[in-house]
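Using the hints provided, position chain B relative to the given structure of chain A.
In order, the protein sequence lines correspond to chains A and B.
Residue numbering for the first sequence follows UniProt numbering, starting at 1 and increasing by one per position.
Residue numbering for the second sequence follows UniProt numbering, starting at 1 and increasing by one per position.
Where hints are given, some of them may not hold.
Identical copies go unnamed one by one, so any copy, or any two together, can satisfy a pair.
[As the list claims (entries may be wrong)] No farther apart than 27 Å at their CA atoms in a straight line, the calculated lysine-lysine pairs in the DSSO-like style are these:
(1) Lys44 with Lys303
(2) Lys593 with Lys458
(3) Lys40 with Lys618
(4) Lys337 with Lys369
(5) Lys337 with Lys641
Note that these hints are calculated values from the structure, not bench results.
Predicted, not measured: the structure shown is a model, and the values here were computed from it.
Number of protein chains: 2
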Amino acid sequence: MEPSSSSSINNNNNNCMEEVRMDVQYPPVVAPPHKSSLQKFKVKLKETLFPDDPMRQFKGQPFGTKIVLAAQYVFPILQWLPQYSLKLFKSDIISGITIASLSIPQGISYAKLAGLPPSFGLYSSFVPPLVYAVLGSSKDLAIGPAAITSLVLRSMLTQGVSATSQPQLFLQLAFTSTLFAGVFQAALGILRLGFIIDFLSKAILVGFMAGVAVIVSLQQLKSLLGITHFTKKMTIVDVLSSVFSNIHEWSWQTIVMGAGFLILLLLARQFSLKKPKYFWVSAGAPLLSVITSTAILFAIRGKHPAILVIGKLPEGVNPPSVKMLYFEATHLGLAIKTGIIVGILSLTESIAVGRTFAAIRKYKVDGNKEMIAIGLMNVIGSTTSCFASTGSFSRTAVNHNAGAKTAMSNIVMSVAVLVTLLFLMPLLHYTPHVVLGAIIVTAVIGFVDIPAAYRIWKIDKFDFVVMLTAFFGVIFISVEYGLALAVGLSILRILLQITRPKTVMLGNIPGTRLYRDLHHYNQATRIPGFLILSIEAPINFANITYLQQRTLRWIEEEEESMKDNSVFRFVILEMSAVSNIDTSGVSLFQELKSALETKHIKLALVNPLAEVIEKLTKADESDSFIREDYLFLSVGEAVGKLSSIMENSPSVTMQQEQPPYM
Amino acid sequence: MEPSSSSSINNNNNNCMEEVRMDVQYPPVVAPPHKSSLQKFKVKLKETLFPDDPMRQFKGQPFGTKIVLAAQYVFPILQWLPQYSLKLFKSDIISGITIASLSIPQGISYAKLAGLPPSFGLYSSFVPPLVYAVLGSSKDLAIGPAAITSLVLRSMLTQGVSATSQPQLFLQLAFTSTLFAGVFQAALGILRLGFIIDFLSKAILVGFMAGVAVIVSLQQLKSLLGITHFTKKMTIVDVLSSVFSNIHEWSWQTIVMGAGFLILLLLARQFSLKKPKYFWVSAGAPLLSVITSTAILFAIRGKHPAILVIGKLPEGVNPPSVKMLYFEATHLGLAIKTGIIVGILSLTESIAVGRTFAAIRKYKVDGNKEMIAIGLMNVIGSTTSCFASTGSFSRTAVNHNAGAKTAMSNIVMSVAVLVTLLFLMPLLHYTPHVVLGAIIVTAVIGFVDIPAAYRIWKIDKFDFVVMLTAFFGVIFISVEYGLALAVGLSILRILLQITRPKTVMLGNIPGTRLYRDLHHYNQATRIPGFLILSIEAPINFANITYLQQRTLRWIEEEEESMKDNSVFRFVILEMSAVSNIDTSGVSLFQELKSALETKHIKLALVNPLAEVIEKLTKADESDSFIREDYLFLSVGEAVGKLSSIMENSPSVTMQQEQPPYM
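If we strip away everything but chain A, and leave its shape as in the complex, we get (with noise of 0.2 Å):
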């Protein structure tokens, strides 16, 4: 730097400068410690797959210990039950029940939302709650039938096969998808590819789930209309136009009933939810519904034919379902297509409630086993008489409030719903289906989630719009395609933010050696003489077009302003943020290089990490860009350093030729 330029900042800096090189030995930037490309991917895989490193408990352990801890890993009841005592028993005993009052109405509910008889609601939950309850980590879930993957299931089934002109072929396609769900949704945990599901974000799922709570509360317009002749498709225009196209069906007599029900169920789960406290108000008040109006259509039996009832269901536990399962060529497709996304979003709401109560109460759910035992159990469900069975949102959290202590308060539940199926199944016979769908509604009412949408918008305007395109394409399109268009978009904003990323200017915070973001605070100044920018992303095939005419452009508007005869001698690239670079990437830097090099500039590369630093070393066999004397550990150290090569050399200037420094 010339005595003649330097300003009050510049004198300060330059002191700075000076006891950066005089005080302190910065270590060289080297290669990091060799490692072969076996070992590394070894690490990779580790990192990949098993970040929470499932084994670490394993180790040091005795021969005993060992098989004793594998046992209770593959079997989480072995960790619990051992300990168990009357005092838990009693309040899982009754959170059981409550779930079990909430289970039985629900049931039968959304086996009408999958599109199968009633009883078949009653079945999945039965078998998948003691099979979780077995394998199963998490102390809170609630097993059984679900609003989304019952509605899914229906309206990807009804693409191939329609519920009510094949009943039977359609329930064989149900069971078969479950089957599928649940070996995708193993296999996932089997191989750890758990992460596949981190894909559905936050937004998405808060507009999928708003959709599909618009979609499943419309379709229950048939039952609380009472209209016969309905759409057998979903999406909004179908079902209003079907809706006002049959006014003539509607039914004053059922419309009144489901007004009826249908305001009581909102009016008890709006004093739950305002007062914890009394939980059981809103648990309690669909099996209250259902008894009531049963009790009701039983009194008035045959005086009013417009209220549809369920009918004459079959009494006993779950038939069983093994050849049943349907695996010829015509609808196999449509049946694993089905599976694999009902198991994706099963496995979605399960791990996210899991995780949410997890949290609360202190203790760890393993993703990947969950994946694992929730498979299982639809694989075993799908051979007994179940559709695909997840932890439900709702009754996990009544579970929880309940005061669950463990998964004994699924086992309880089961046993509740054994007695039903058992000995109370002709009770059902007179009860409607409007108070069905009133239940539903009640149900999915909750999945519209406005304060969350708000905190998006807030937050981040993109996810905001990947919100929107997950609830209207779930409500216009299709379900699936809904959620495909929205994890499409995620997917796109990634890659444009890696084809596109950030390059800042750095300049440096006054009595400090930091340099900082010029546009992020105010007080950073720039250094005469040199250009400081930091890249902020790995850099790939996808973007160093981009980032070589972006760092160009910084050079030849950072020239133009320099029109004086200032000099202007050193790009410096802040590396740190550059996590990964691959061999398109290290042509950016001899290209780079050899721009500058026509404008006798000289190009330093601050912090590269270990992965980068290595990858440029092997590249450069002429060790023509990265010389030691223009790599630094920070940006101080580089001003510092670069400064006095400018003052021990003033006789360098930009029109002479002069040695490669680099």
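Just chain B, lined up with the frame of chain A:
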């Protein structure tokens, strides 16, 4: 830090921190100056679509100059033609004639490769170069048909229609695809979406072009062996089985002639490669081969019917082909798909080669403008009997070596082709196919770039896998699937990198205030009581689960290793590399903070970037996790200030409840 536990290193650090605390006034970490969402959107849009800021040159110019600049911007010929001189023309006429001598035999050969009659190769070497000379900004590019695009055009179109049994329809579809390729190319340029071609990375191109070279060469076995019944398929398996099941058709006369000319051409190529001064040897060899072989065949005409010749060719310039464009639904999808793939490949070749030579001669080629030029050239070409043209790798190199100074050399070449079309077509009657095959093999053999493949292997193993995928995909499946697989794999890798970002533990570099990766810098030392982690990726929905698990594992391992009575009190997250965060990312910090609170560990953030701090602040309504006293500009500052808290409140230990610092 307890005095009893301080080692000499710690003392050093302590002094260092002391100094940090006393001397230096670090500014607080605050949100960046406010910008509205619209402003931010505008900036992002500009960075995404106009990173090169093409309007910069117009700034502050008078209106007249603006008009001139705009005209020059649209028609680059206006930039160089007014200054054109006889001296330049001397250079251009030599290079123009040189590339014409290569273009004429290659044009005929590539038409064959595209499944079209030979004359269309010459048509395509006449009109497109003229259009490019007006619109293009490269001074070196030699325009005309190229091996890859010709092959892909045929291989894709034969999926729907046969080149031999329906030649007329095939020709129509070739023009239609060329039209769509041009429209797609121009659209990419106009919409400034040129970055799409960046997704074809160097690794993909090396593998893809080697694969294409293999299948193109295999295709030439038909001509080189004189087989008349040859498979229409492209994969290595199909072609080899076709070759060996037709041994009875092999013609020894053809084989001898083919081998002779092939060896000659390859020798010429090797010679020119070794002595670039004699570039004209390999540039002239194809034309010489055509002339010699035609003369031989003319001399022995009628005597050796085993050697197949081109036959009669129509004389005259390009017939118009507007009416041949085919828009009927049956093949429209195929034509569009082919157009897009051919368009992308042709852009990739053109722009890569254009940029390479522009860099050598130090002028600039604007990617988006080039796309418009090449797109319009193909649109016009499709109406004048030309199939997809591009800037060819090999001919551009010859053009450059022959001393081309401006696009005038393309005009000279066009004129030479015109002369051929008007007067010399009858001479080509006796040109044997076998020589054209030898010319094609010689041209594509340079596509196999072993040193580049070795370099990729050395730098990045995953890129090498991508390369192999492209190579084997092309030779065993198909050109477009090979390409799609490789691109898919590249994108998957980026997604995987984002799903599993690196987190590294930092330590202090003794004698400095810098904190760097402990595994990279051996001299770096841990600070007792602190866990300092650096997160090296944007935080979003795809990686929050992993980041949470991984961070908690670091913390647990830390706790386990600290079983003695030393205290572990602070987790410092270095955020310099977190370039972005979404709504899900925000929740990571909330969850991490509550997980740490139960362990009585405090969380401090270091250097969150502008966008990150803005979103965290917005999300943090209750001011619960973004407290200014736990935000720092550098790790050194954080360690210094937090240590002083520890020292000043020695009574606060892990066992006691304490006021919530953050």
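Here's how the hints hold up against the structure:
1. Lys44 with Lys303: neither (71 Å within a copy, 68 Å between copies)
2. Lys593 with Lys458: Answer is between; shortest inter-copy Cα gap is 22 Å, intra-copy 42 Å.
3. Lys40 with Lys618: within (16 Å within a copy, 39 Å between copies)
4. Lys337 with Lys369: within (23 Å within a copy, 44 Å between copies)
5. Lys337 with Lys641: neither (62 Å within a copy, 56 Å between copies)
Going through the hint list in order, the structure does not satisfy hints 1 and 5.
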